Amino acid sequence: MKVTQRERIRSFGEILQQLLRINSLSVEYRTGEATAKAVQNVYIDLKRGETLGLVGESGSGKSTLGLAVMGLIRPPGYITSGSITFDNTELLTLKTRQLREIRGKKVAMIFQDPMTSLNPVKKIGDHFVEYIRAHDNGVSVQDARSTAKTVLVDLGIPDSRIDDYPHQFSGGMRQRVMIGLALALNPSLIIADEPTTALDVIVEAQILKQLAELKSKYSLSLILITHNMGIVAEMADRVAVMYAGRLAEVAPAIEIFESPKHPYTQALLESIPNILTSDRTLKTVPGSPPDLTDLPAGCPFHPRCRYAFDRCRNEVPQPIVTGNDSEAECFLLEGAKARHS
Amino acid sequence: MVMILLSIVFVVMRVLPGNPVLLRFEKTADPALVASFTHQLGLDKPVYVQYFEYLWQLLHGSFGLSMAGSFEPVGPQILSRFPATLELTIYAFIVAAIVGVLLGTFGAQRPGVADNSVKIFGVLIFAFPVFFLGMIFQLVFGIWLHLLPVSGRLSPGVTPTSFSLGTFHFETGILTLDSILSGNLTEFIDAVRHLVMPATALGLVISGFFVRMTRANMLETIRSDFVTAARARGLKERTIVYSYALRNALLPIITIMGLQFARLLAGAILTETEFNLLGVGSYLVDRITFLDYTAVQGTVVFLALLISSVGLIVDILYAYLDPRVRL
Amino acid sequence: MKTLQKTREKPQTVSVMAKLVSPLFGKGYGRALMLVGLGMTLFITVMSVLAPVISPYDPTQIGLGPPNDPPSAQFPMGTDQYGRDMLSRIIWGGRFILLVAVTAVVICLTIGLPIGLASAYAGGNVDRALALVMDSMYAFPGLVLAIMLISVFGVSIINDALAIAVVFIPSYFRVVRSQVLSIKEMPYVDAGKSAGAGTPAVLLRYIWPNVISSVIVIATVNFADSILTTAGLDFIGLGLQVNLPDWGIDLTYGRQALPLGVWWTIVFSGSMILMAALGFSLISEGYAERTNPKLR
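Protein chains in written order, with the numbering used here: chain A, 1 to 341; chain B, 1 to 327; chain C, 1 to 296.
Read the hints as simulated data drawn from the structure, not as lab findings.
Warning: the hint list may mix true and false statements.
The calculated lysine-lysine pairs, modelled on DSS-like cross-linking and capped at a C-alpha distance of 30 Å, are [stated by the list, open to error]:
hint: 1; chain 1: A; residue 1: Lys217; chain 2: A; residue 2: Lys149
hint: 2; chain 1: B; residue 1: Lys236; chain 2: A; residue 2: Lys105
hint: 3; chain 1: A; residue 1: Lys47; chain 2: A; residue 2: Lys37
hint: 4; chain 1: A; residue 1: Lys283; chain 2: B; residue 2: Lys236
hint: 5; chain 1: A; residue 1: Lys106; chain 2: A; residue 2: Lys283
hint: 6; chain 1: A; residue 1: Lys215; chain 2: A; residue 2: Lys47
hint: 7; chain 1: A; residue 1: Lys37; chain 2: A; residue 2: Lys283
hint: 8; chain 1: A; residue 1: Lys106; chain 2: A; residue 2: Lys47
hint: 9; chain 1: A; residue 1: Lys283; chain 2: A; residue 2: Lys105
hint: 10; chain 1: A; residue 1: Lys123; chain 2: B; residue 2: Lys236
hint: 11; chain 1: A; residue 1: Lys106; chain 2: A; residue 2: Lys95
hint: 12; chain 1: A; residue 1: Lys95; chain 2: A; residue 2: Lys37
hint: 13; chain 1: A; residue 1: Lys149; chain 2: A; residue 2: Lys105
hint: 14; chain 1: A; residue 1: Lys215; chain 2: B; residue 2: Lys236
hint: 15; chain 1: A; residue 1: Lys149; chain 2: A; residue 2: Lys106
hint: 16; chain 1: A; residue 1: Lys105; chain 2: A; residue 2: Lys123
hint: 17; chain 1: B; residue 1: Lys236; chain 2: A; residue 2: Lys95
hint: 18; chain 1: A; residue 1: Lys149; chain 2: B; residue 2: Lys236
Bear in mind the structure is a predicted one, so any value in this text is a computation, not a measurement.
Go ahead and model the full structure; you've got the sequences and the hints to work with.
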């Protein structure tokens with residue numbers, strides 16, 4: 001019988017290859033009135049050099065997941081259970097100082113809105129210098145600046161602009177600066193939270209291309225958080241689909257696109273307008289994402305699912321193995337489970 | 001802007017009541033005396049002529065002639081009292097800024113009881129009548145505890161000295177500065193002891209404003225993307241609070257500081273009266289008691305000019321500090 | 001069509017009033033502030049209004065007791081240097097200050113509000129010119145202007161109030177104007193206009209409800225400010241005529257007795273001024289807290 005990813009016992013080689021392991025992570029946001037369950041019992045496995053596409057609508061919990069890995073969950077957000085293991089180090093039990101050493105140095109994050117992610121009163125160069133020296137104050141200002149220049153040039157920004165302020169750059173260039181900052185200390189993992197959502201399509205293509213190049217050049221692992229399936233198709237090795245804080249489905253990219261198992265994934269893919277078909281109606285998913293403070297009983301997707309039956313309304317589905325490296329949380333697949341075993 | 005202020009002042013002082021000399025000398029019936037006074041002060045000319053003459057005089061640095069007997073020019077009188085006011089306001093401002101920003105930052109970082117206390121403190125202290133606070137200080141520290149002197153700028157027996165090198169003489173009138181420059185430690189300590197209560201009283205009241213503004217801005221800034229991004233880069237929390245959050249939060253406050261300066265001056269008038277400091281504020285109050293209208297007018301004009309200049313300096317300062325405005 | 005319009009008229013006024021008062025209900029810190037503030041202001045108002053009834057002695061009567069006598073059973077707040085009962089003086093002492101404050105606020109509201117609304121709504125050069133004038137007056141300290149006016153025109157409730165009002169009108173103007181300007185451009189106003197609403201309707205239904213909550217905040221701050229300014233004027237000696245009881249004047253008298261260790265005259269009068277100003281400030285703060293979108 002096939003065992004789910006979190007239950008599976010790994011070989012030594014696999015363990016060496018595993019860069020990040022998020023195990024049964026749950027995150028809550030507690031405001032005065034209510035508690036929102038942003039992430040529930042999520043399991044993510046990431047190998048070195050792998051690109052994982054983390055997909056979902058707004059409110060699905062994907063950004064929260066990214067922040068959790070960075071250790072950026074602050075009150076009123078709380079991590080209520082689970083563990084995050086990075087490079088064989090358990091992150092959730094680290095003290096702040098130790099966490100700071102990893103944050104920015106071994107794991108870096110790129111944020112969504114380049115317009116607001118840089119300190120408006122600091123020059124670009126100073127962002128780099130401060131950052132580099134924060135992690136290693138043996139580095140002289142001169143050296144830090146030359147590293148900064150190298151990085152900028154690598155990204156297509158002339159090094160003469162190192163003393164300019166953020167507002168003097170366009171959105172695309174600012175995002176490149178963000179990427180540059182993320183790369184400056186050679187991290188092994190980059191979490192990119194909707195890096196191109198705020199940019200126009202042409203710039204988006206450039207940025208993605210750059211990310212892909214840098215990724216192979218520096219052997220990076222990448223978690224690409226997005227709601228755009230197109231980007232995922234282009235960049236991801238594996239895809240994790242989130243819905244209402246739970247992992248609806250995880251599978252290699254090809255499998256997700258060719259044979260999506262979870263009804264939500266199917267609906268997502270169906271709703272992408274396809275110019276090649278003759279069908280002129282837009283397919284949508286009826287209803288709207290659930291209120292995270294007031295989640296429905298059972299499977300969170302059942303109110304909008306076309307296949308929902310009784311069991312879905314009462315019981316929360318657990319991950320079911322659907323293939324070599326894939327699983328999904330849906331009772332429809334129980335039959336498949338039986339078939340595979 | 002300045003022009004508008006000046007015009008308003010002029011209108012009120014000259015045009016509306018008609019002849020200020022008459023007001024002053026209502027009781028005295030002697031028309032000849034009144035006429036000569038009026039003529040000496042140039043008040044018998046038509047109003048618009050007076051207006052322009054006044055402006056002309058101003059441009060030449062003259063603030064008119066005092067009505068109190070000897071027709072001394074008002075300008076130098078004001079100027080001689082200015083350093084005291086300057087000293088008071090500067091120190092009060094420093095107190096206000098330090099207390100305000102520190103408390104505001106503290107409150108913004110610790111939501112809950114601490115934050116609410118900070119908010120309430122801000123409201124409370126701003127509602128405090130500044131002369132009352134000064135009196136409480138005088139009572140507690142001066143009379144009950146005998147720690148600090150209750151009035152004046154220097155104790156009797158302490159003479160102010162100032163820096164001189166050969167024939168070169170440099171005196172600002174700011175006692176704390178002069179005493180340092182001339183190496184007179186006794187004077188310095190004495191001056192400071194006299195300044196502690198008034199500056200702190202005034203400073204605390206004004207700090208209420210800074211506390212609330214800093215807190216509000218910090219709350220907003222600390223939530224912004226670039227702060228989270230900076231944290232994601234693993235920077236120290238202290239760096240983030242000061243170099244990222246505070247630096248950006250304080251920027252908009254600087255623009256409002258100009259407005260607060262006016263409040264500071266008003267408070268200074270009251271504080272000077274309370275603590276018997278010979279500054280421009282107490283001069284104003286003084287002159288009113290003597291019904292010296294030209295002096296009052298001159299002083300008000302001076303204050304208006306002062307406020308406008310401070311506003312201008314603040315604008316320039318802001319432009320310097322915010323790179324977005326510079327280019 | 002007609003019936004539809006009618007049914008919409010009434011709920012509008014009700015909902016506006018409800019919106020005004022609603023911050024008083026519910027729970028939370030803002031409400032607590034407002035209640036405390038209201039308590040303070042009501043206490044002082046009632047005390048001042050009922051002064052003739054509740055005051056134990058005549059506040060202007062000198063020689064009632066030994067001068068500068070500490071609080072005792074006979075004179076719970078002691079006596080001042082003329083032997084007058086402090087308690088009575090305290091009870092009577094707020095009237096002038098409150099009257100000035102009320103007058104100032106009324107003047108501001110009647111002048112500042114309409115000018116702000118009209119100017120912002122009309123727009124154009126008139127608006128810009130007015131804004132410029134208002135801005136230059138905005139920073140001027142009320143106390144100084146009051147001093148100036150009073151020195152020329154003499155002391156009276158109207159003069160004090162006028163001086164304070166003049167300096168505060170720009171604040172009303174600015175706040176109202178910015179509110180109107182921002183709402184004026186919003187799409188839902190255009191939507192209303194295209195549905196056929198005329199100018200007065202637009203003003204009344206869309207703009208007014210939003211403006212009113214800001215006005216309340218400004219008005220309460222105005223109250224607090226006038227109280228402090230009037231007290232300040234009294235303190236300098238530019239307040240009312242000598243023989244009326246007044247907290248500010250008591251502070252001036254009390255000051256002379258300070259070196260003798262006489263604390264009761266100043267502490268009680270000063271605290272009353274503080275309470276009055278604080279009361280209004282708390283209402284303002286609490287109201288602002290409740291009506292602004294909450295920051296987590």
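Which of the numbered hints above does this structure break? 4, 5 and 9
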